[in-house]
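**Student:** One letter stands for each residue in the lines below.
Protein chains: 2
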Amino acid sequence: MADILHKVGIKSSVNEVYKALTTRDGLAGWWTENTEGESKVGATLTFRFFNADGTELGSMAMKVLALHRAERVLWECVDGPAEWIGSRIVFDLKQDGDWCTVLFKHEGWKEPVEFMHHCSTKWAIFLMSLKSLVETGKGAPSPHDVKIDNWN
Amino acid sequence: MADILHKVGIKSSVNEVYKALTTRDGLAGWWTENTEGESKVGATLTFRFFNADGTELGSMAMKVLALHRAERVLWECVDGPAEWIGSRIVFDLKQDGDWCTVLFKHEGWKEPVEFMHHCSTKWAIFLMSLKSLVETGKGAPSPHDVKIDNWN
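Quick note, the sequences are listed as chains C and W, same order.
Residue numbers for the first sequence, in the working numbering: 9 to 160.
Residue numbers for the second sequence, in the working numbering: 9 to 160.
Read the hints as simulated data drawn from the structure, not as lab findings.
Accuracy of the hints is not assured; some may be wrong.
Intra- or inter-copy, both count: the list cannot distinguish identical chains.
Claimed, not checked - Listed next, the in silico SDA-like pairs over lysine to any residue satisfying Cα-Cα at most 25 Å (straight line): (1) K48 with W159; (2) K48 with D61; (3) K118 with R32; (4) K118 with E46; (5) K113 with W159; (6) K118 with G62; (7) K155 with G145; (8) K19 with V49.
Just need the whole structure built from these sequences, with the hints factored in.
**Tutor:** What follows is the structure, encoded as structure tokens:
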């Protein structure tokens, strides 16, 4: 098993970051504009990704496993790319003075395949989009996301 | 043991990317302006990182273990942060039509500490700087690098 790890520091309260991780508008503001569902424990959120020309790149369904206000968000992937199904995504938040530290983990990859390399870099891009959304009010969610290669 | 993985696609030949990974000017153009040493097998490269105000953030010394022209660059960290010493950094290149795919690995972390989260995100930022350098002629090496938190 292998994990993707990341960290960003966001000049904000943990509450603002938590809101961006647990509301449809928040998630649509940094990950993908095509976010559906409700962020509550036991519910499923669906995220669809498109190119600027409208072609669909893929989608993921995430079951919300845990929500600890201003501290932790935990999802399990229940549909999407084969490598993602059963993996878990965790956002841990802590306040550090004027900053909110976000420790991110996408855990439970069975093999360190090339797609895992891709997703690792892409998660960094999206976490920087989260940072930008909370700090400036404007993120870069799909389909406006920063591209890392000739596919996505 | 845990590894940091990343991937970027660069619209370029593998030769151009290899040059950016194996010359002092190339390395200074995307990782840190303060790059010293010679990129040859057995030699050591030293990379020092500064804030915009001139305070030093840290430095790393990398022994060049292998250079396979236009295919692979392999370093071992021989000095720097305790967590880095003995870890290895690998860049694998392959041509995919008009694009060069870079598979990156920073392998051999003993523990998935918070600093590993930080370095994972920061490597993504620097690999995007490498992409920018090769595609546009201008990267964002330290001290002009994109900051991910209140420290670096």
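**Student:** Give a verdict on every hint.
**Tutor:** Okay, the hints, checked on the actual structure:
1. K48 with W159: neither (32 Å within a copy, 34 Å between copies)
2. K48 with D61: Result: close neither inside a copy nor across copies, 32 Å intra and 45 Å inter.
3. K118 with R32: Classified as neither; 30 Å inside a copy, 37 Å across copies.
4. K118 with E46: neither (29 Å within a copy, 38 Å between copies)
5. K113 with W159: Both, since 24 Å and 20 Å are each at most 25 Å.
6. K118 with G62: Result: close neither inside a copy nor across copies, 31 Å intra and 43 Å inter.
7. K155 with G145: Answer is both: 21 Å inside a copy and 18 Å across each meet the 25 Å cutoff.
8. K19 with V49: neither (27 Å within a copy, 43 Å between copies)
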